[in-house]
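Protein chains: 2
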Amino acid sequence: MARFQIFVTYKKGIFDPPGATAERALVSLGYDEVSSVKIGKFIQLEVADGTSEERVAEMCGKLLANPVIEDFRIEPVEEA
Amino acid sequence: MARFQIFVTYKKGIFDPPGATAERALVSLGYDEVSSVKIGKFIQLEVADGTSEERVAEMCGKLLANPVIEDFRIEPVEEA
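Chains as they are written, first to last, in numbering that gives the first Met the number 0: chain A, 0 to 79; chain B, 0 to 79.
One or more hints might be untrue.
Since the list gives no way to pick out one identical chain from another, each pair is judged satisfied if it fits inside one copy or across any two copies.
Unchecked claim - Computed list of lysine-lysine pairs in BS3-like fashion (alpha-carbon distance at most 30 Å, straight line):
#1 Lys-11 / Lys-40
#2 Lys-37 / Lys-11
#3 Lys-40 / Lys-61
#4 Lys-10 / Lys-37
These are computed hints drawn from the structure, not numbers from a lab.
Just so you know, these numbers come straight off a predicted model, no measurement behind them.
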């Protein structure tokens, strides 16, 4: 079993509604120190041994992320 | 400006509908090597200098995560 972590974030300049909402909500709860909140996806993937990072990138481009508005970063997880 | 990254994941045993859907969809697209997909949140927070990790944990407990069904992990981001 191989594991990958994938971080999906909005591309620069793309509006992030959940992030903007959380930001306003935190400030209105009294957390004035907050200046920016961005909310993306954190994906934990388990695949068969030997699956390449390129193959995972293909899955991201086809299904896990929306390449039009999102960037993704893939990190292999080292087993403990 | 201080930065934190927050990883929000479902607690063990809590069903993750988007993850289960992505898993089935990937397998049906021919990615048979996929055995598990879990989808959580990846939050990038910018706060005033000197904001403690405890304070960020408080924000998570109150608004950014649902402590009933989700776990969160906070990582300070070192400036380059």
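Hints, verified against the model:
With identical chains, the CA atoms of Lys-11 and Lys-40 are at most 30 Å apart both within one copy (15 Å) and between copies (18 Å). Proximity of Lys-37 and Lys-11 under a CA criterion of 30 Å is satisfied in both settings, with 11 Å inside one chain copy and 25 Å between copies. For the homomeric pair Lys-40 and Lys-61, the shortest alpha-carbon distances inside one copy (16 Å) and between copies (20 Å) are both at most 30 Å. For the homomeric pair Lys-10 and Lys-37, the shortest alpha-carbon distances inside one copy (11 Å) and between copies (22 Å) are both at most 30 Å.
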